[in-house]
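For the sequence shown, our numbering assigns the number 219 to the initial residue and increments by one for each residue that follows.
If you're looking for bench data, these hints aren't it; they were derived computationally from the structure. Some hints could be false.
To be verified - Label-pair restraints from in silico Cβ distances:
no., residue 1, residue 2, range
1, 291, 463, 31 to 37 Å
2, 427, 477, 33 to 39 Å
3, 396, 314, 27 to 33 Å
4, 428, 382, 25 to 31 Å
5, 288, 458, 40 to 46 Å
6, 238, 499, 23 to 29 Å
7, 400, 305, 23 to 29 Å
8, 433, 314, 29 to 35 Å
9, 338, 296, 29 to 35 Å
10, 249, 499, 44 to 50 Å
Bear in mind the structure is a predicted one, so any value in this text is a computation, not a measurement. Don't be surprised by glycine CBs; every beta carbon is placed ideally from N, CA and C.
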Amino acid sequence: MQFMELLDNSPGMTFTVFLVLGLLIGSFVNVVTYRLPIMLDRQWQIETRHFLGLLGDPRNAEGRPFNLIRPWSHCPNCKRRIRPWEMIPVFSYVLLLGKCAGCRQRIPLRYPLVELACGLLAGLLVLIYGVGWLTLALLVFCYALFALAVIDAENQLLPDILTLPLLWLGLLLNALSPDLLGTGAADAIIGAAAAYILLGGFHYTYRVLTGKEGMAQGDFKLLAAMCAWLGWIALPFIVLISSVTGAIWGLTLVTIHGRSWLQPLAFGPFLVFAGFTVLLIGPERMAGWLG
């Protein structure tokens with residue numbers, strides 16, 4: 219109780235504690251974003267081989283389990299096991315000069331950036347909303363979005379194993395405790411349904427008119443999940459912000475980096491960016507700006 223009172227009376231201490239916790243969780247987010255796509259790909263291979271009646275199990279060459287816990291973290295290049303002191307968020311990256319201690323292969327910069335972003339987000343949310351259940355719920359929401367954004371950016375994949383639980387959790391929280399998020403069950407249900415119908419309608423209309431896939435179904439589920447948390451009022455702002463930022467980024471890649479117009483672009487990160495923007499500013503305040 220004394221520790222909680224200390225946090226309530228010391229914004230600096232509160233920010234620091236949640237920053238450290240966020241850094242640690244950010245390290246786990248990195249594990250999820252790296253391993254989950256591999257786990258899903260191996261599971262799909264197993265199911266495909268079973269469906270076709272083929273023998274063998276493609277989980278891995280050594281026959282060892284591969285999940286979020288096992289095997290121990292290791293360098294993907296030299297397979298050297300990473301020591302505990304080499305996994306301290308951000309600090310270890312700086313200490314190792316961004317390279318593996320064994321083979322000196324460069325460690326992707328996105329690992330410390332994700333950790334730092336998760337840490338700063340935790341500190342920012344606790345300063346805005348204080349120490350309580352609301353902050354805890356929003357951290358779960360935001361870290362799931364972080365993981366989805368990174369996975370989609372690297373693999374063009376938005377796994378159902380993350381989007382669907384996030385959707386149902388938002389609906390349940392707003393149904394069982396409408397005052398927690400300030401959304402309410404009706405707004406959450408309408409928002410989720412409207413989001414799925416909106417992007418689904420765009421997708422199927424585009425496919426009928428062009429014969430091409432304009433958007434993956436994972437984007438429908440991600441937008442529906444965000445609106446299940448934030449309500450229908452957030453929907454137009456998320457769609458607007460993600461569309462504008464996605465278009466700007468796409469044009470930049472085409473004009474400056476020579477990217478083909480036909481090359482697919484992951485839309486999940488732009489939806490997540492828009493969701494964070496609406497969450498931090500507040501959909502009601504954004505609606506007020508429009509009069």
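How the hints compare with the structure:
no.: 1; hint: 291 <-> 463: 31 to 37 Å; result: 33 Å, holds
no.: 2; hint: 427 <-> 477: 33 to 39 Å; result: 23 Å, violated
no.: 3; hint: 396 <-> 314: 27 to 33 Å; result: 47 Å, violated
no.: 4; hint: 428 <-> 382: 25 to 31 Å; result: 29 Å, holds
no.: 5; hint: 288 <-> 458: 40 to 46 Å; result: 43 Å, holds
no.: 6; hint: 238 <-> 499: 23 to 29 Å; result: 26 Å, holds
no.: 7; hint: 400 <-> 305: 23 to 29 Å; result: 38 Å, violated
no.: 8; hint: 433 <-> 314: 29 to 35 Å; result: 40 Å, violated
no.: 9; hint: 338 <-> 296: 29 to 35 Å; result: 32 Å, holds
no.: 10; hint: 249 <-> 499: 44 to 50 Å; result: 31 Å, violated
In this structure, the hints that do not hold are numbers 2, 3, 7, 8 and 10, in rising order.
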